[in-house]
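**Student:** Chain by chain, the residues:
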Amino acid sequence: QKEVEQNSGPLSVPEGAIASLNCTYSDRGSQSFFWYRQYSGKSPELIMFIYSNGDKEDGRFTAQLNKASQYVSLLIRDSQPSDSATYLCAVIGGTALIFGKGTTLSVSS
Amino acid sequence: DVKVTQSSRYLVKRTGEKVFLECVQDMDHENMFWYRQDPGLGLRLIYFSYDVKMKEKGDIPEGYSVSREKKERFSLILESASTNQTSMYLCASSTTDRKNTEAFFGQGTRLTVV
Chain A
1 QKEVEQNSGP LSVPEGAIAS LNCTYSDRGS QSFFWYRQYS GKSPELIMFI
51 YSNGDKEDGR FTAQLNKASQ YVSLLIRDSQ PSDSATYLCA VIGGTALIFG
101 KGTTLSVSS
Chain B
110 DVKVTQSSRY LVKRTGEKVF LECVQDMDHE NMFWYRQDPG LGLRLIYFSY
160 DVKMKEKGDI PEGYSVSREK KERFSLILES ASTNQTSMYL CASSTTDRKN
210 TEAFFGQGTR LTVV
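Sequences listed follow chains A and B, in order.
For the first sequence, counting from 1, position 46 maps to 46 in this note's numbering; every step adds exactly one.
One rule links them: number in this note's numbering = place in the second sequence (from 1) + 109.
Don't take every hint at face value.
Calculated cross-link-like contacts (lysine-lysine; reagent style DSSO-like; alpha-carbon spacing at most 27 angstroms) [said to hold, decoys possible]: (1) B:166 x A:101; (2) B:164 x B:127; (3) A:67 x A:56; (4) A:101 x B:112; (5) B:179 x B:127; (6) A:2 x B:122; (7) A:42 x B:122; (8) A:67 x A:101; (9) B:122 x A:67; (10) B:162 x B:180; (11) B:162 x B:112; (12) A:2 x A:67; (13) B:127 x B:166; (14) B:127 x B:180; (15) B:179 x A:101; (16) B:162 x A:2; (17) B:127 x A:67; (18) B:179 x B:162; (19) B:162 x A:67; (20) A:2 x B:127; (21) A:56 x A:42; (22) A:42 x A:2.
Restraint-style ranges between C-beta atoms, simulated for each label pair [unchecked claim]: (23) A:15 x B:205: 36 to 42 angstroms; (24) A:82 x B:136: 48 to 54 angstroms; (25) A:69 x B:223: 29 to 35 angstroms; (26) B:176 x A:82: 37 to 43 angstroms; (27) A:82 x B:121: 42 to 48 angstroms; (28) A:40 x B:112: 19 to 25 angstroms; (29) B:161 x A:27: 25 to 31 angstroms; (30) A:42 x B:166: 23 to 29 angstroms.
Please keep in mind that the hints were generated in silico from the structure rather than gathered at the bench.
Glycine included, every Cβ here is placed at the ideal spot set by N, Cα and C.
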């Protein structure tokens, strides 16, 4: 069974700090990797996707992928209270999109 | 904008009832998914479909079935609802572009089985 693992948290950071969220996956053949953000009571929304080894930056967000280590991370710079949410890592397993259980981030002002 | 619409936001059903959850997408996506989300368990895949009349079991298909007669519509069926199926159900759709398979989610259906 393909698995996606995340630390459930909560991860607490002060406003303005860097938040680092991590994810490992079991299927070495996985090609595409996604980070979704989910606010309480809302549906997940896509923040970043990455499919090449290395870093991908978009504003305050940076996704990092290391296929050899089967590891993908999300860095949030200058964290804001509005970033407080659950962050879901997702991996394409065959055709299906498989999610981790999510990491809860809390940014204190 | 991609739109994924689930037929109900909240549902309350009795144990043993047959329950239909409907999902419609308007972006001609090939893939459609049904997940359930429970506290501490994350999003778990129930079933997915990659084409009309095609379906694949996800991680927790027991007690559920699905139907995809048209490309835009994917239905989740609880054959005989039980209290352990009380959950938030999320439908999603995506393209088959393997490098950009962003999934778009519906608003969710909170199902309570009493």
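**Student:** Given the hint that residue 162 of chain B pairs with residue 67 of chain A, test it: the Cα-Cα distance must not exceed 27 angstroms.
**Tutor:** violated (34 angstroms)
**Student:** Note whether the CB distance of residue 161 of chain B and residue 27 of chain A lies within 25 to 31 angstroms or breaks it.
**Tutor:** holds (27 angstroms)
**Student:** Are the Cα atoms of residue 127 of chain B and residue 180 of chain B separated by 27 angstroms or less?
**Tutor:** Given that 27 angstroms is the threshold and the Cα spacing comes to 23 angstroms, the pair holds.
**Student:** Evaluate the given range 23 to 29 angstroms for the C-beta pair formed by residue 42 of chain A and residue 166 of chain B.
**Tutor:** Distance hint for residue 42 of chain A, residue 166 of chain B holds at roughly 27 angstroms.
**Student:** Assess, step by step, whether the Cα of residue 179 of chain B is no farther than 27 angstroms from the Cα of residue 127 of chain B, and give holds or violated.
**Tutor:** holds (21 angstroms)
**Student:** Does the beta carbon distance between residue 176 of chain B and residue 82 of chain A stay inside 37 to 43 angstroms, or does it fall outside?
**Tutor:** holds (39 angstroms)
**Student:** With respect to the beta-carbon atoms only, verify the hint that residue 82 of chain A and residue 136 of chain B lie 48 to 54 angstroms apart.
**Tutor:** This hint is violated: roughly 28 angstroms between Cβ atoms.
**Student:** That 29 to 35 angstroms hint for residue 69 of chain A and residue 223 of chain B (C-beta), does it hold up?
**Tutor:** violated (47 angstroms)
**Student:** Keeping to a limit of 27 angstroms between CA atoms, is the pair of residue 122 of chain B and residue 67 of chain A held or broken?
**Tutor:** This hinted pair is violated, its Cα atoms lying about 45 angstroms apart.
**Student:** Measure nothing beyond the straight line between the CA atoms of residue 67 of chain A and residue 56 of chain A; if it is 27 angstroms or shorter, mark the hint as holding.
**Tutor:** This hinted pair holds, its Cα atoms lying about 14 angstroms apart.
**Student:** Between residue 40 of chain A and residue 112 of chain B, does the beta-carbon spacing fit 19 to 25 angstroms?
**Tutor:** holds (23 angstroms)
**Student:** So does residue 15 of chain A sit 36 to 42 angstroms from residue 205 of chain B, Cβ to Cβ?
**Tutor:** holds (41 angstroms)
Hint check: violations occur at hints 6, 9, 15, 17, 19, 20, 24, 25 and 27; the rest are consistent with the structure.
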